[in-house]
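There are 2 protein chains.
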Amino acid sequence: MSKELILPKRLLMGPGPSDVHPNVLKSMATPLLGHLDPEFLNIMNETMDLIRYVFETDNKLTVAMSGTGSSGMETVFVNLVEPGDKVIIGVNGLFGQRMVDVAGRAGAEVVQVEAEWGTIIDPKMIEAALKNNGPVKAIAIVHAETSTGAQQPLKEISRLAKEYDALFFVDAVTSLGGISVGVDENEIDAVYSGTQKCISAPPGLSPVSFSNKAVEALNARKTKVQSWYLDLSMIQAYWGKERFYHHTAPISMIYSLHEALRLIKEEGLGTVFERHEQNGRALQAGLEAMGLELAAQEGYRLPMLTSVKIPDNVEDANVRKMLLQRYGIEIGGGLGPLKGKIWRVGLMGYSSQRINVMQFLSALETILTELNADINTGKAVRTAEDFYLKN
Amino acid sequence: MSKELILPKRLLMGPGPSDVHPNVLKSMATPLLGHLDPEFLNIMNETMDLIRYVFETDNKLTVAMSGTGSSGMETVFVNLVEPGDKVIIGVNGLFGQRMVDVAGRAGAEVVQVEAEWGTIIDPKMIEAALKNNGPVKAIAIVHAETSTGAQQPLKEISRLAKEYDALFFVDAVTSLGGISVGVDENEIDAVYSGTQKCISAPPGLSPVSFSNKAVEALNARKTKVQSWYLDLSMIQAYWGKERFYHHTAPISMIYSLHEALRLIKEEGLGTVFERHEQNGRALQAGLEAMGLELAAQEGYRLPMLTSVKIPDNVEDANVRKMLLQRYGIEIGGGLGPLKGKIWRVGLMGYSSQRINVMQFLSALETILTELNADINTGKAVRTAEDFYLKN
Numbered sequence: 001m002s003k004e005l006i007l008p009k010r011l012l013m014g015p016g017p018s019d020v021h022p023n024v025l026k027s028m029a030t031p032l033l034g035h036l037d038p039e040f041l042n043i044m045n046e047t048m049d050l051i052r053y054v055f056e057t058d059n060k061l062t063v064a065m066s067g068t069g070s071s072g073m074e075t076v077f078v079n080l081v082e083p084g085d086k087v088i089i090g091v092n093g094l095f096g097q098r099m100v101d102v103a104g105r106a107g108a109e110v111v112q113v114e115a116e117w118g119t120i121i122d123p124k125m126i127e128a129a130l131k132n133n134g135p136v137k138a139i140a141i142v143h144a145e146t147s148t149g150a151q152q153p154l155k156e157i158s159r160l161a162k163e164y165d166a167l168f169f170v171d172a173v174t175s176l177g178g179i180s181v182g183v184d185e186n187e188i189d190a191v192y193s194g195t196q197k198c199i200s201a202p203p204g205l206s207p208v209s210f211s212n213k214a215v216e217a218l219n220a221r222k223t224k225v226q227s228w229y230l231d232l233s234m235i236q237a238y239w240g241k242e243r244f245y246h247h248t249a250p251i252s253m254i255y256s257l258h259e260a261l262r263l264i265k266e267e268g269l270g271t272v273f274e275r276h277e278q279n280g281r282a283l284q285a286g287l288e289a290m291g292l293e294l295a296a297q298e299g300y301r302l303p304m305l306t307s308v309k310i311p312d313n314v315e316d317a318n319v320r321k322m323l324l325q326r327y328g329i330e331i332g333g334g335l336g337p338l339k340g341k342i343w344r345v346g347l348m349g350y351s352s353q354r355i356n357v358m359q360f361l362s363a364l365e366t367i368l369t370e371l372n373a374d375i376n377t378g379k380a381v382r383t384a385e386d387f388y389l390k391n
Numbered sequence: 001m002s003k004e005l006i007l008p009k010r011l012l013m014g015p016g017p018s019d020v021h022p023n024v025l026k027s028m029a030t031p032l033l034g035h036l037d038p039e040f041l042n043i044m045n046e047t048m049d050l051i052r053y054v055f056e057t058d059n060k061l062t063v064a065m066s067g068t069g070s071s072g073m074e075t076v077f078v079n080l081v082e083p084g085d086k087v088i089i090g091v092n093g094l095f096g097q098r099m100v101d102v103a104g105r106a107g108a109e110v111v112q113v114e115a116e117w118g119t120i121i122d123p124k125m126i127e128a129a130l131k132n133n134g135p136v137k138a139i140a141i142v143h144a145e146t147s148t149g150a151q152q153p154l155k156e157i158s159r160l161a162k163e164y165d166a167l168f169f170v171d172a173v174t175s176l177g178g179i180s181v182g183v184d185e186n187e188i189d190a191v192y193s194g195t196q197k198c199i200s201a202p203p204g205l206s207p208v209s210f211s212n213k214a215v216e217a218l219n220a221r222k223t224k225v226q227s228w229y230l231d232l233s234m235i236q237a238y239w240g241k242e243r244f245y246h247h248t249a250p251i252s253m254i255y256s257l258h259e260a261l262r263l264i265k266e267e268g269l270g271t272v273f274e275r276h277e278q279n280g281r282a283l284q285a286g287l288e289a290m291g292l293e294l295a296a297q298e299g300y301r302l303p304m305l306t307s308v309k310i311p312d313n314v315e316d317a318n319v320r321k322m323l324l325q326r327y328g329i330e331i332g333g334g335l336g337p338l339k340g341k342i343w344r345v346g347l348m349g350y351s352s353q354r355i356n357v358m359q360f361l362s363a364l365e366t367i368l369t370e371l372n373a374d375i376n377t378g379k380a381v382r383t384a385e386d387f388y389l390k391n
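Just so you know, the sequences run in chain order A and B. 1 is the number of the first residue of the first sequence in this note's numbering; add one for each residue after it. 1 is the number of the first residue of the second sequence in this note's numbering; add one for each residue after it.
Chain A with its partners taken away, still in its complex shape (with noise of 0.2 Å):
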């Protein structure tokens, strides 16, 4: 017979989860209330403006979507896009990937703008692409491409968007909560995000924002949305004044982004981005002492995921299991082209920690010691300390 779960002790400094605050998880055990009880319905309002904020938006329908960050790249698709929609979407990692299967299931007739994984797409050939294409419904782009470390300038194909006319759409799954989304100020049409990156709160959730541009496109739509689950019209009744019932809100999870959204609030976000950028550099200036080489461009590197190249004669899954196993210590494996070749290591939320970063480059630099890598010794934890202290 299955017993109460008893839990080996983690650091996640993987790409996701993330280690979540114990006042978050303390809020999950909360007991509930029911989802149309009006002090429920009062906490879905202040969650719903403390995701605005995070967002850095005004956007009305702002909500947190019943599901786990790719729910809701399936709701901006499902909603915003219709059978023979042209969709140009970036592609530059998996979840660029992912999102041309998902439009694609949606009706659109997708056009990729592929560049190498771990660089950035070059808003000259969305352009060309813009140019080469007729009229096109909506440009989406990944912000932070979680399987490569790579961050995506956003401004420059923004204003590509408004001057052809289509909707913008940004994955922000990993950025939100990290680096500035921006959603007003880079004039995003549709954003999604999850729960377990730099909100560090469990996944189960995925924040979600959408102009009136996109509101409007809703409205307009020829035909029904494909998905009941995800139609924004019934769920923006839920989360409205209607207050409509429409599915069963995953309650203890509300509380848990409540509350680790209120803690962002209360560090404030100039501070929780300053701290990640400050963790996030300090560990690829110590990677870099050890000798290893980090993978994303140059110039284009996300600070809350490092990915960073596997020395040579090293095996990857030794290393994370060594890693996983004696210290506890989660890090992710690469993905696609990438598996074998990369380590990620990410800094994301709660994870983002000084004490983190050296507890991972000490554990790091002991087992590529032990396994004879050629890396040099004795650096690492020293240069990311100086990094500390003259930043």
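One should not assume that every hint holds.
Put simply, identical chains are the same to the list, so a pair is met inside one copy or across any two.
The list that follows gives simulated cross-link-like pairs (lysine-lysine, BS3-like), each with its CA atoms no further than 30 Å apart [unchecked claim]:
id: 1; residue 1: K60; residue 2: K222
id: 2; residue 1: K341; residue 2: K241
id: 3; residue 1: K224; residue 2: K339
id: 4; residue 1: K26; residue 2: K162
id: 5; residue 1: K3; residue 2: K265
id: 6; residue 1: K265; residue 2: K379
id: 7; residue 1: K137; residue 2: K222
id: 8; residue 1: K3; residue 2: K137
id: 9; residue 1: K339; residue 2: K241
id: 10; residue 1: K9; residue 2: K309
id: 11; residue 1: K224; residue 2: K137
id: 12; residue 1: K3; residue 2: K241
id: 13; residue 1: K3; residue 2: K26
id: 14; residue 1: K241; residue 2: K265
id: 15; residue 1: K26; residue 2: K265
id: 16; residue 1: K155; residue 2: K137
id: 17; residue 1: K86; residue 2: K60
id: 18; residue 1: K241; residue 2: K9
id: 19; residue 1: K339; residue 2: K379
id: 20; residue 1: K137; residue 2: K339
id: 21; residue 1: K241; residue 2: K222
I should point out that these hints are in silico values taken from the structure, not numbers from a laboratory. It should be emphasised that the depicted structure is a prediction, and the values quoted were computed from it without experimental measurement.
Add chain B to chain A, keeping to what the hints say.
Below, chain B alone, put in the same frame as chain A:
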């Protein structure tokens, strides 16, 4: 600025969510493991076994979808129905109606077999629809209609499905863990449930199970499943031994489901059913002793959800508000054609307790007396207690 949540005490006796056992709440506060951590994969395996236990099935494809019960409904239809397939759906309440909507969006040609809300679907009507409609891909029915309190017998409709070579789909959202669903015994091909009813975990997951015949239909599809998020061919590769990453599982929710199902197994499924039966019938005896009329068809009343007609000259919302504000007791109102006409009183999972039956009957009698409703006073609690003594 938002504050940490401080919430009022509630006794959840509505149509779900139900009260959550303290052990289950506690399990949600467990620090997270990664979704690909070997220890977490063990928990997923144990959870699959526990889901099989409550569904009473050996079906290999038995998992928890990362969404609420409605996502389970959509999972069944988008994976097993292809555009143009004919599907017969029994409609005798809101959730039958919802299946019609969901099936239609998946491209099904829907044949509705309707019955008055509160009554069951007569298998003869299903048989007539089968005779009149040529080849049918599936027959779908709601086992426990949460909007009315009616319990649908499954055996005869299952037999018809076999006779006409159709798949048999069952909505077990409210029945699972309260009455026997008997997936193998009733030869159900696809079944979905929710966690926030008789399982008494928080809402946010949908346990589903598929027969070999359903898996064959899935594998024989000519078209791609329209939903990426709910595509079972990919999801079974994550839950199965391949362990392919699909989306990040809602880790804390899986902990809660594991613990809730473990508690059910410890109590024993037969004992759990008996407890639901006892408390439900005691409540119903008490309500009738008060002079109120039960709303669902006699002989087909659910034990975990009792629908009762609102007495004349009493205002629905007013009574529910008094129950909530004065005693913290939540019950449900009617939906659709039954709005303002019935109350729905749940005794689901951890909420199904003798003390709750007494508290509710006593509170309702006090309020109705105060509002000068035409009821028998002083009889409800005594009648319910007599029921326990005799049964």
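Any hints this thing doesn't respect? Which numbers, in order?
Result: hints 4, 6, 8 and 20 break, sorted rising.
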